[in-house]
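S.K.: What follows is the residue order along each chain.
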Amino acid sequence: MSRTLDFVAQSLRIALPYLAAAMGGIWSERAGVPNVALEGTMLFAALGTVAGTTSTGSPVAGLAIGLASGVAVQLTHAAAVLYGRANAIVSGLALNLIASGGTRFLLRAFYDSSSNSPQIPVLGSRTGSLAVVTLLDPMTWFVAAVVVATVLGLERTRLGLRVRAVGEHPEAAESVGVSVVTTRIAALALAGAAAGLAGAWLAFDQRQFSSGMSGGRGFIALATVIIAGWRPLPAVAFALLFGTAEAAQIALQDQKAVAHQVVQALPYLLTLVALATLRGRGRPPAALGKT
Amino acid sequence: MTARLRVLLLAALLSALSFELAVLAFGESPGSVVSQLFAGTWGTRYGLGQVLFKATSIAIAGAAAQIALRAGLFQIGVDGAIAVAALAVGAIGARLPLGISPLLAWPLLAAIGAAAGALWSLPIGVLRARFGAHEVISGIMLNKIAGALVGYLFAAGLAEKASVHTPPLPQGARISRFAFFPGSAVNLALVVAIAIAFAVAWVMRRTLLGREIQALGASESAAGAAGIPVGRKQIVVLSISGAIAGLCALNDVMGYKGYAEEGLSAGVGFTGLAAALLAGRSGAGLLVASLFFATLSQGGLSINARVPMEIVDVVIGLTILFVAIAPAVDRKLEAR
Chain W
1 MSRTLDFVAQ SLRIALPYLA AAMGGIWSER AGVPNVALEG TMLFAALGTV
51 AGTTSTGSPV AGLAIGLASG VAVQLTHAAA VLYGRANAIV SGLALNLIAS
101 GGTRFLLRAF YDSSSNSPQI PVLGSRTGSL AVVTLLDPMT WFVAAVVVAT
151 VLGLERTRLG LRVRAVGEHP EAAESVGVSV VTTRIAALAL AGAAAGLAGA
201 WLAFDQRQFS SGMSGGRGFI ALATVIIAGW RPLPAVAFAL LFGTAEAAQI
251 ALQDQKAVAH QVVQALPYLL TLVALATLRG RGRPPAALGK T
Chain X
292 MTARLRVLLL AALLSALSFE LAVLAFGESP GSVVSQLFAG TWGTRYGLGQ
342 VLFKATSIAI AGAAAQIALR AGLFQIGVDG AIAVAALAVG AIGARLPLGI
392 SPLLAWPLLA AIGAAAGALW SLPIGVLRAR FGAHEVISGI MLNKIAGALV
442 GYLFAAGLAE KASVHTPPLP QGARISRFAF FPGSAVNLAL VVAIAIAFAV
492 AWVMRRTLLG REIQALGASE SAAGAAGIPV GRKQIVVLSI SGAIAGLCAL
542 NDVMGYKGYA EEGLSAGVGF TGLAAALLAG RSGAGLLVAS LFFATLSQGG
592 LSINARVPME IVDVVIGLTI LFVAIAPAVD RKLEAR
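These protein sequences, in sequence, are chains W and X.
According to our numbering, the first sequence is numbered sequentially starting from 1.
According to our numbering, the second sequence is numbered sequentially starting from 292.
Hints in this document: simulated from the structure, not taken from any laboratory.
Quick caveat, the model's predicted, so the values are computed rather than measured.
Everything hinted at is true.
Taking beta-carbon pairs under 10 angstroms as the criterion, some of the chain W residues facing chain X (in silico):
| hint | residue |
| --- | --- |
| 1 | 83 |
| 2 | 96 |
| 3 | 98 |
| 4 | 216 |
| 5 | 222 |
| 6 | 226 |
| 7 | 264 |
| 8 | 272 |
| 9 | 276 |
Mimicking SDA-like on lysine to any residue, the simulated pairs with C-alpha atoms at most 25 angstroms apart in a straight line are:
| hint | chain 1 | residue 1 | chain 2 | residue 2 |
| --- | --- | --- | --- | --- |
| 10 | X | 623 | W | 185 |
| 11 | W | 290 | X | 516 |
| 12 | W | 290 | W | 182 |
| 13 | X | 623 | W | 171 |
| 14 | X | 623 | W | 180 |
| 15 | W | 290 | X | 506 |
Idealized CB from N, CA, C, for every residue including glycine.
Work the whole structure out from these sequences, hints included.
M.R.: Have a look at this one:
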């Protein structure tokens, strides 16, 4: 029983950063702005969380600074795409490169290390079984809140309606008085907070920042968004599926029957296979990339 | 001054400015760091040789990215193709007979590298053309998978005992270095890189395939309406791109190390993409952009004791961003 429970908890834990980042991807792409910058956003937010925590001594302040870092990255994306007329993929790739080099630069500047930061205190407690730890971890509930806010917010709020309108038909939205640029900025700020939460989750999970710690999770999250047809609920399902598959892998890894490199490659292989086979009824927002 | 040149100058100015601000923030004097960066690169024969050596890989990876960009595709899978090709060239090269002639070994290993790179990039094209999967995501995934696969194959017996590299290539499979740059790894692959850069520009301008790629890049739907088999051409372009990327093994494996090593050319694919984004459609432009990024990357090593060399990646990223926004900024300045 407890092994099953641990497995479920493990699956959920792995899915949490995917869930948060995927919700961010949905806000951005449903507003029509392609977002490959989720990866770099997570990375900067993870470092922001750690730097904020070590400098203030408070993980709550660290979380706030991490989220602010994520929002800052996405607002840069917004400025480059909406005002600078940059291709959104180019802007995203550039931001990822800046994040990968910039976080290592800052790691050396802050902590004089090229690999990792010192350990940080975390939110919640770390005693008890994995299931208990996960349930009592406030970060779990923050991610849950982001998921609920996205599912309901996109369908039921004025902002959600506007986001969908500018993503489908910006001219029509503009003609009824919805500012396309303002709406997209708001959507990208939300994306920054959500992907930032994913980065903060990684920082608290590993209790430190290590260089390149996002490890492609931002891209996997984006893949779940695409597979889910840009709809929040299916994205949640796919993120949970990915988490479960990876938890199964970790269980495999413990058995030493399979080479660890093969196990390592599985999430990426799974993403490729899923991209090829699981595309359902979803279609991209009509104005995606036409910024 | 042409608009493109003005845009590049504007971007260069912005990148230089942000570099100097970062240096200042780190508590160092920008002037002396910049002069140290140049002294460590263009200041000595060794430094210049290293710049040319790095520019070789960047230009080859850049040509791979450029041809895909012309078709409207972001080829992010260059790093994976390079890793797999380097391993293939190293593993097969090490098993060639000791007395093999370069006349046989060079073209054979080049073909192996190109084939391995093309094969590794094939899934990106197929996923894009048949399943509509975005090439950026599949490219990243294949890079990660390539890293794991190469590590696995090294551990499974392709590496020499207690090392992370293949046995050495026979002398005939080594590409000669230039004696003019003592101690530096710059080698004849530089000539190959220059040839590839111009060859890509020539293919784009003068051949039917080039015109089809251009049509694809201008508008997929228009190209399809004009009777171009869009999906098939996307697969072809990404495979050619992978084949070009595979030729990086000439520089790193056959010219520099003399064996394949885990992580040997890591990250050069992104720098190549950056060079291609700067170069636009020009072959000469690609070479200049490669020299620029190679100078930064080699210069990063020479200033590392004072300012972390990771600053170079930041500057490269900022340069891409500035080049991307510069036309809009330029238009706004013009309008005044």
